[in-house]
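Using the hints provided, position chain B relative to the given structure of chain A.
Chain residues, written in single-letter form:
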Amino acid sequence: MKRVLIYKKYERFWHWTQAALILLLALTGFEVHGTYHLFGYQNAVLFHRNLAWAFIILIVFTQFWNFTSGEWKQYIPSKKLLKAQIEYYITGIFRHAPHPTRKTVYNKFNPLQRLTYLGLRVLILPVVVLSGLFYLYFDYLINHGYFHNLDIIAYFHVAGAFLLLAFIIGHIYLTTTGLHPLSAIKAMLTGWEEMSDEDAEIALQENMKVALVESRKGISGKGSIEKDHVFEKAFEEVVGNLGIDTESAKLRERLINSNVGYFRINKDGYYEEVNDAWLKLYKCTNRDKVIGSHVTYDRTPEGKKQIMKLVNKVLSGEMITGERVERVCKDGTIGYHTVSATPYKDKDGNIAGLEGFIIDITPQVEAEKALEKKISSHQKNNDFYKFVSSSDDIGYFRIDKDGFYQEVNDAWLKLYKYDSKDEIIGKHYSLSRTKDDFIKLEKSVKKVLNGETIPFGITRRYCKDGSVGYHTITMTPVYENNKIVGFEGFIVDKTDTKIAEEEIKKSQV
Amino acid sequence: MKKLFEIILIIIVPWVIIFWIVFTYNGDRDSKYFPDKDIHVEHKKVPVDHSKFAILQKKFKTPQEATEACLSCHNKTGKEFMKTPHWQWKQKDTIPDRGVFDIGKINILNDFCIGVNSNEELCNMCHSGYGKSIPGHFAFKNDQNNIDCLVCHDNTGTYHKSNPCKGPNLPGAGYPAVGTNLNYVAQNVGYPQKNNCGSCHFVGGGGNNVKHGDLEMAQLHCTRNLDVHMASVGKDAPNLNCQDCHKTENHNITGHLYTVASSNSNRATCVECHTDKPHESKLLNDHFKTIACQTCHIPVYAKGAPTKIIWDWSTAVKMDKKGKPIFDKDLPGHTYTYNGKVYKDVEIQYDSRHGTAVFKKDVLPEYVWFNGTANHHLLGDKITDTTKPLILNPLFGSYKDNVLPRDPKTPSKIWPVKIMRGKQPYDPVNMLLIQPKLAGKIKGSNALWVDYNWKASAKAGMESVGLPFSGHVGFIETESMWLLNHEVAPASQSLQCAACHNQKDSKLKNLTGFYMPGRDHSSLLDNLGLIFIILVLMGVSVHGFLRVISNKHKK
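Line by line, the protein sequences give chains A and B.
If you count the first sequence from 1, you need to add 108 to reach my numbering.
If you count the second sequence from 1, you need to add 1081 to reach my numbering.
Only chain A is shown next, with the shape it has when bound in the complex (with noise of 0.2 Å):
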């Protein structure tokens, strides 16, 4: 038996409160309704008022925690093994059969779950406080003559609240139907839910999977060309397929044998393992220096400081997933990454370490500096043209206002698989783009044409032989005489994280 992190703080507060707030509702309702007399009538009428209140502010935060923190996208139905969750209800519980899907932090919800609580959500819930309101406004809706039927209102309230009772009777139910009949409760009370062995690895590389994909939106930075909208897709695939996949139990040996740093730490800051990856990125040769070693060694003060709050961070039993950091290297140098954890624990529920692995942004970070120097020194500055001129790894171009090709280097020919430069200078850049693309990129160009620095987003190319191409792009504005007359900028592939995305593609087979 194992226990993997499951609810978030503020999910378990909002959980605890929301379902006390209903019940106390549901009490004071029905006295309200007439069914019985408890607190007496008035006490009820107000209690139930300060009630509803605390349960809209308690919507209105929620939905807004929902929406900043993506949870919204759990409630998001899926089709696929509805069927599986309900026949499991039916038929399987009573067999003993495996659960057809899995808890993990990004997706808590089994399909028949995503769909009972969006339906709570979009009609039950809005019903219920909706037909509230009017009921509490209902002398303002009659002195101006929009309504005037009560007795509507009150059936809809009536309605919703039997509805709701009935959800909360089933809900309680459904929780004794995890490994032990208070495991599910237990879970919502300290976030973490016990799981057998099985389940737990299965979960604990899920949590994973989908905090690399998170990663690879870290990487893209903040501003996005087309709003991270490939990746986008790609996340809701990973999600859409969560907890089904049984094949993913190899996934941690695939990411060790990958181009993806991986490494764990055990609860006292010491390496326990790494592998070839992320020696080749930290340029270290000797794993066994490594193990053992702590994680501070080597750092300097400030990345010290950097890297113990991240491992505090997720050893009090939070996730972290793509934070940027910086590394110092073996031979001195410095480099960037973005690291993803997740705390792990031993068989008595402790924490026992945590895990998690890195993913190279150096040559985007150092552009991006160069690029950051190049601005703040007013277009004077030569480091940057030096620094991408001799890059294999960033690609430089500069286009003229009308969106034609000056100048491009090595690894942008590369990158698009030309052979020379006369195949693209002069040329309209819309040649490197599908259509789609294009009319997207438009947008951004014209805003670059318009003085604006557009920082990493993620676009995708379209090469010479037709294939296309991931690859982060930033894009400023060329001055001559305070006059924009072209833009310029830097791409960086995205290899890296496409081995990892495949890997991911290759899992979920």
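If you are wondering where the hints come from, they were derived from the structure by calculation, not from laboratory data.
Virtual Cβ for every residue (Gly too), placed ideally from N, Cα, C.
Treat the hints with caution; some may be incorrect.
As the list claims (entries may be wrong) - Derived pair list, reagent style DSSO-like, types lysine-lysine, alpha-carbon separation capped at 27 Å:
#1 A/Lys417 with B/Lys1084
#2 A/Lys391 with A/Lys522
#3 B/Lys1213 with B/Lys1157
#4 A/Lys375 with B/Lys1084
#5 B/Lys1084 with A/Lys117
#6 A/Lys181 with A/Lys421
#7 B/Lys1590 with B/Lys1363
#8 A/Lys397 with A/Lys413
#9 B/Lys1275 with B/Lys1133
#10 B/Lys1328 with B/Lys1171
#11 A/Lys294 with B/Lys1633
#12 A/Lys421 with B/Lys1084
#13 B/Lys1399 with B/Lys1524
#14 B/Lys1084 with A/Lys116
#15 A/Lys294 with B/Lys1084
#16 A/Lys555 with A/Lys543
Unchecked claim - A few chain A positions that, by computed beta-carbon distances, are all more than 12 Å from chain B:
#17 His123
#18 Gln171
#19 Gln193
#20 Leu233
#21 Ile250
#22 Asp406
#23 Gln414
#24 Gly511
#25 Lys543
Chain B in isolation, oriented as in the chain A frame:
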């Protein structure tokens, strides 16, 4: 340990904070609340000593001489008073959708002693004047010396009007009783006191509290439990006079009783002192739009003496075995069935002159929608439907006045009423209510109470009002609506929410056409809901049971 601390921090602490706020925060306090302590009532005293006036020393031989003496100083008051309903027994009033009428005892019949016409000799003992009205015209003799100043302004408590039916050779038609010291009374005049008003208004219908049910002798000397306003005994007794609420100027007294009035005007209302925001609770103040103050604050009436609730004239004129009339005989039993409804804890009296009368103490009001206007079955109005009780003063108003949208000019409110029920004589041929001649002293005067002959009485009475009589007397069920305004209970005894917001026994169960929280529900919806909940409970029980069984099998 850390886990427990986290649970306390994330779940328990927010619970404590949120539910402490929810259960203690009073969001219902009305910021415009007007407390009772801001109400001030002053009782003025007459600024002069009337006993020092020479003109009041002169021995008065007739009451008219006393009035003349009053008017010699108050020389404009006579004309002023003779314009008031207290003198004229009528006033111009508008009946909605009918027009303007002179409404008063002149043309209104009730279901007590029915009407004053042809009975002036008796009825005028409650007229503030001396002498009879001119028969057929009902215009009081236009001599201002016939005004009875003293009946209202006597502060000695020794002035009473004569009841001419109590014996032979008594002064009649509004004259003072034998032996009244007019000089003593005149020298001690002042502002009217409760007993002045009460000498007529407490005893309407022929006895203490018979007519109104909320106006009775007990109010002269009572605690707040009986009437918070008129209480003179016990703690916090405000001892208000009638005019403190029924504000009076130039003998025009505010107040509208809808058994003799019809328009929404000249009313003495609670809000004049208490404002329309008298509660701390906004929720309660919001009720003001649809609920009259009286509805909650007069939970019960006739708290001192019983009031007459049913008067069945059809049983009158029966004699005892010896052929002699029966007077004021208490009948056995305390339940009375009338029109299919059983009235409990009542006193039943029989009198050959009146028929059967049913009295009840501590009566629970009935409730109606009322928008401040009323119709009247005026003298001469045709009866159109004898299958159901004829309502003598139908009160206008319904829930619909308050919606689509609410019209602030004629809001309808739920009011408490005493509904007086009875059977009274009518002419089944002409379809007219009958004005009988009731009071008389001389046998053969056609007065019912002397001759016990309905036809003769009806003929004489109808003649006096100039209406035809077919010679047939039938009896029709009638009802009159007496809005309750007095005997306001202390706040602690007022109706609580659940008295009306109650599924089983709502006081407003007879008022339909609107949805009232706590009272109304859709049985279909509630039953479906209940069945749904039971099905869900059964479903999870069966499911859980099967799981337990299958677990045992596995082991």
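Hints and how they fare:
At roughly 21 Å between alpha-carbon atoms, A/Lys417 and B/Lys1084 fall within 27 Å of each other, so this suggested pair holds. Taking the CA atoms of A/Lys391 and A/Lys522, the gap is about 25 Å. The hint holds against a cut of 27 Å. Note on B/Lys1213 and B/Lys1157: the hinted pairing holds, with a Cα-Cα distance of about 23 Å set against a maximum of 27 Å. Between the alpha carbons of A/Lys375 and B/Lys1084 the distance comes to roughly 17 Å, so the proposed pair stays at or under 27 Å and holds.
A hinted pair counts as satisfied when its Cα atoms are at most 27 Å apart, and B/Lys1084 with A/Lys117 qualifies at roughly 12 Å. Distance check on the hinted pair: A/Lys181 and A/Lys421 sit about 24 Å apart at the alpha-carbon level, within 27 Å; holds. The straight-line distance between the Cα atoms of B/Lys1590 and B/Lys1363 is roughly 25 Å, inside the 27 Å bound, and the hint therefore holds. In summary, the hint linking A/Lys397 to A/Lys413 is supported, as the alpha carbons are separated by about 22 Å, within the 27 Å threshold.
Between B/Lys1275 and B/Lys1133 the alpha-carbon distance is near 25 Å, which keeps this suggested pair within the 27 Å criterion. Annotation: proposed proximity of B/Lys1328 to B/Lys1171 holds, straight-line Cα distance about 19 Å (limit 27 Å). With a C-alpha separation of about 24 Å, the suggested pairing of A/Lys294 with B/Lys1633 holds against the 27 Å cut-off. At roughly 15 Å between alpha-carbon atoms, A/Lys421 and B/Lys1084 fall within 27 Å of each other, so this suggested pair holds.
Simply put, B/Lys1399 and B/Lys1524 have alpha-carbon atoms about 17 Å apart, close enough for the 27 Å limit, and the pair holds. The hinted pair formed by B/Lys1084 and A/Lys116 meets the criterion: a straight-line CA distance of about 13 Å does not exceed 27 Å. Only pairs whose Cα atoms come within 27 Å are accepted, and A/Lys294 paired with B/Lys1084 is accepted, the gap being roughly 11 Å. About 19 Å separates the Cα atoms of A/Lys555 and A/Lys543, which keeps this hinted pair within 27 Å; it holds.
For A/His123, the requirement that its beta carbon stay farther than 12 Å from each beta carbon of chain B is not met, with the minimum near 9 Å. Interface exclusion of A/Gln171 from chain B stands, the closest Cβ pair being 18 Å apart, more than 12 Å. Distance check on A/Gln193: its Cβ is at least 15 Å (rounded) from any Cβ of chain B, clearing the 12 Å threshold; non-interface status holds. A/Leu233, annotated as away from the interface, keeps every beta carbon of chain B farther than 12 Å; the closest lies near 17 Å.
Against the 12 Å criterion, A/Ile250 falls within the reach of chain B, whose nearest CB is about 5 Å from its own CB. Distance to chain B confirms A/Asp406 as a non-interface residue, since its nearest Cβ pair spans about 31 Å, more than 12 Å. Annotated as non-interface, A/Gln414 keeps its C-beta farther than 12 Å from every C-beta of chain B; the closest such distance is 24 Å. At roughly 55 Å from the closest C-beta of chain B, the C-beta of A/Gly511 stays outside 12 Å, upholding its exclusion from the interface.
Every beta carbon of chain B lies more than 12 Å from that of A/Lys543, the smallest distance being close to 51 Å; the non-interface claim holds.
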